[in-house]
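Once you have looked at the hints, place chain B on chain A.
There are 2 protein chains.
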Amino acid sequence: MKLGSLKLGRDGRLVVVSHDLAWCADARHIAPTLQAALDNWAEAAPRLELLATDLAHDAIPKERFHERDADAPLPRAYQWADGSAYVNHVKLVRQARGAELPESFWTDPLMYQGASDEMLAPRDPIPLADESWGCDLEAEVIVVTDDVPRGISREEALEHIKLIGLVNDVSLRGLIPAELAKGFGFLQSKPASALSPVLVTPDELGERWKDGKLHGPLMVDLNGEPFGRADAGEDMTFDFGTLVAHLAKTRNLGAGSIVGSGTVSNRDTDGGPGKPIARGGRGYSCLAEVRTVETILDGKAATPFLKAGDSIRIWMEDEHGHAIFGTIEQTVVNG
Amino acid sequence: MKLGSLKLGRDGRLVVVSHDLAWCADARHIAPTLQAALDNWAEAAPRLELLATDLAHDAIPKERFHERDADAPLPRAYQWADGSAYVNHVKLVRQARGAELPESFWTDPLMYQGASDEMLAPRDPIPLADESWGCDLEAEVIVVTDDVPRGISREEALEHIKLIGLVNDVSLRGLIPAELAKGFGFLQSKPASALSPVLVTPDELGERWKDGKLHGPLMVDLNGEPFGRADAGEDMTFDFGTLVAHLAKTRNLGAGSIVGSGTVSNRDTDGGPGKPIARGGRGYSCLAEVRTVETILDGKAATPFLKAGDSIRIWMEDEHGHAIFGTIEQTVVNG
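Protein sequences, first through last, are from chains A and B. Position 245 (the first sequence) corresponds to 245 in my numbering; numbering is contiguous. Position 200 (the second sequence) corresponds to 200 in my numbering; numbering is contiguous.
Any given hint might turn out to be false.
Since the list gives no way to pick one copy over another, a pair counts as held whenever it fits inside one copy or between any two copies.
[Said to hold, decoys possible] For lysine-lysine, the following DSS-like pairs were computed, each having C-alpha atoms within a straight-line distance of at most 25 Å: (1) 162 to 213; (2) 307 to 249; (3) 182 to 213; (4) 300 to 275; (5) 213 to 91; (6) 162 to 7; (7) 182 to 91.
Since the hints were derived computationally from the structure, they do not count as laboratory data.
So here's chain A without its partners, still in its complex pose (with noise of 0.2 Å):
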């Protein structure tokens, strides 16, 4: 099943969507908002379900499903907190700012509170008042569980993901280093973040959800050319089970709580840094570290930061080459 939010208020009009994403249906006589559905999921998840199997059967009114009329899917959440599953990633991050990776990086999962009052439609731009702050993308894997108790398990928390879609967490990189070095993590640095078109339910996923990790290509474009095509599923240290039971051991998670995997990343062949794409490798899914792969085999960062005018997409594609989850396709604007 895939759900979509269509723009309303502040919290869109809930519609399940179909497998190609072509066609939707209300589906606000089961619950008027995502939240709303999630709230109360034990009993609003089967009832879409049938929505969504009298929709494939073509059964029921339907309408167009246009993702430029897509909100968030949550618009606005309770709860978001970003890890740093991909530590091939936090290391080469790391190194661009001369930063030690410690051992325990590698067993204990880096996660930060993200805010989470206003989430981006996937068509909305980013605003970036002053160029200087450094604007990025990060393409990332989210996951959206119900009401999750704490002090539980990896295996129990893997029960509570409902659902899973995309992320384009922007990151404001020249605000970065002075906030971290106050020592309490990132306010100013992380502005909005934008969600994909939908979210997904683990079982239309098939084979690709897998072991707390989502499988396949993550593709990102950058002003029209391949920039990543790094696989979710390899290189990710930790699993959502674990992230999810990470960020639940002393508090807990209410419905709707948005968990991300930090940014994509794979290492090389060789083991080493991922090359670019034009280079023969899988690319990035932010530019930090294409900008840190670039002083390590040339020198120095060549890659500018995101300016307006600047467009990204980030989406992945199922075996017909068809976008999962939709498209989070955002230019960047001065404001």
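Frame of chain A, contents of chain B only:
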């Protein structure tokens, strides 16, 4: 005007509460929940004010307001960020772990992104699974905003502060050093916080709300003994306008955003760290601070962190000795 949420479902039911906190009137015909009222504040606030006037004049049906029946005014919120506006506190807590206070901390607000998917009710127990985690209270002032556009000034931010209240920002001190050393801020070390029974509009506070600060002693009792009487209006280096503007520098804030002051803390009259109440001082709003002062005065910390059975009370009194925001009254329990 004073607003509260009586326990009902996930978000409570909105009530207007009398000045003396003895009575309340159902406000669901105006907005079902406090979040819904904040979502539409310009329209809802005047109608809620009329209801408050009617309640004061005994012109409408009313019911007794029992703080034990109150949920957190926002049982879940979309945004909770906590400043460290009492730099005196920051200096002492850092001193305790041997960390210097950078000079910039006096001019650039320190703030962390908190989690808001579960805010505890004022009488909820504090669950603690492991006493070695070093459970601490932190008595603070909070403000709640309507929609705040990014990039606004301090003065503009002040206009967006709609409600004021108190919070117990529970902290697990034993988990903080390792977590902050990872560089991404607090996560497991900040379990769920508790809010005061009611939130209050600035006009209701008269002279106590001035220059973006709440003035008057913040009362904290620990196991029935006076523990803290620090004045929230003194030694607050950054006022709430500055804190809200800081948080909104790169992102919009959604209606119902909660912004905290950080632990209230006063210097002693001689300019040094505040003394315990038993030694003639104003005491403390968290255990970490008394432990630091004990270390300075006596060579080692004597006050233990919280354990099962310990109780705390946090409130602020008006000129007649009545609790303005009601009382946060929590007991630590195993679990």
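(message) Cα distance capped at 25 Å. Does residue 300 pair with residue 275 within a copy, between copies, both, or neither?
(response) within (15 Å within a copy, 54 Å between copies)
(request) Check residue 213 against residue 91 for me: Cα-Cα at most 25 Å, and say if that holds within a copy, between copies, both or neither. (result) For residue 213 and residue 91, only the intra-copy Cα distance (20 Å) is at most 25 Å; the inter-copy one is 43 Å.
(request) Check residue 182 against residue 213 for me: Cα-Cα at most 25 Å, and say if that holds within a copy, between copies, both or neither. (result) For residue 182 and residue 213, the Cα distance is within 25 Å only across copies (24 Å; inside one copy 33 Å).
(message) Cα distance capped at 25 Å. Does residue 162 pair with residue 213 within a copy, between copies, both, or neither?
(response) within (13 Å within a copy, 43 Å between copies)
(message) Cα distance capped at 25 Å. Does residue 182 pair with residue 91 within a copy, between copies, both, or neither?
(response) both (21 Å within a copy, 13 Å between copies)
(message) Cα distance capped at 25 Å. Does residue 307 pair with residue 249 within a copy, between copies, both, or neither?
(response) between (39 Å within a copy, 18 Å between copies)
(request) At 25 Å max between alpha carbons, let me know whether residue 162 reaches residue 7 within a copy, between copies, both or neither. (result) The answer is within: 22 Å in one copy meets 25 Å, while 27 Å across copies does not.
Of the numbered hints given earlier, the model fails none.
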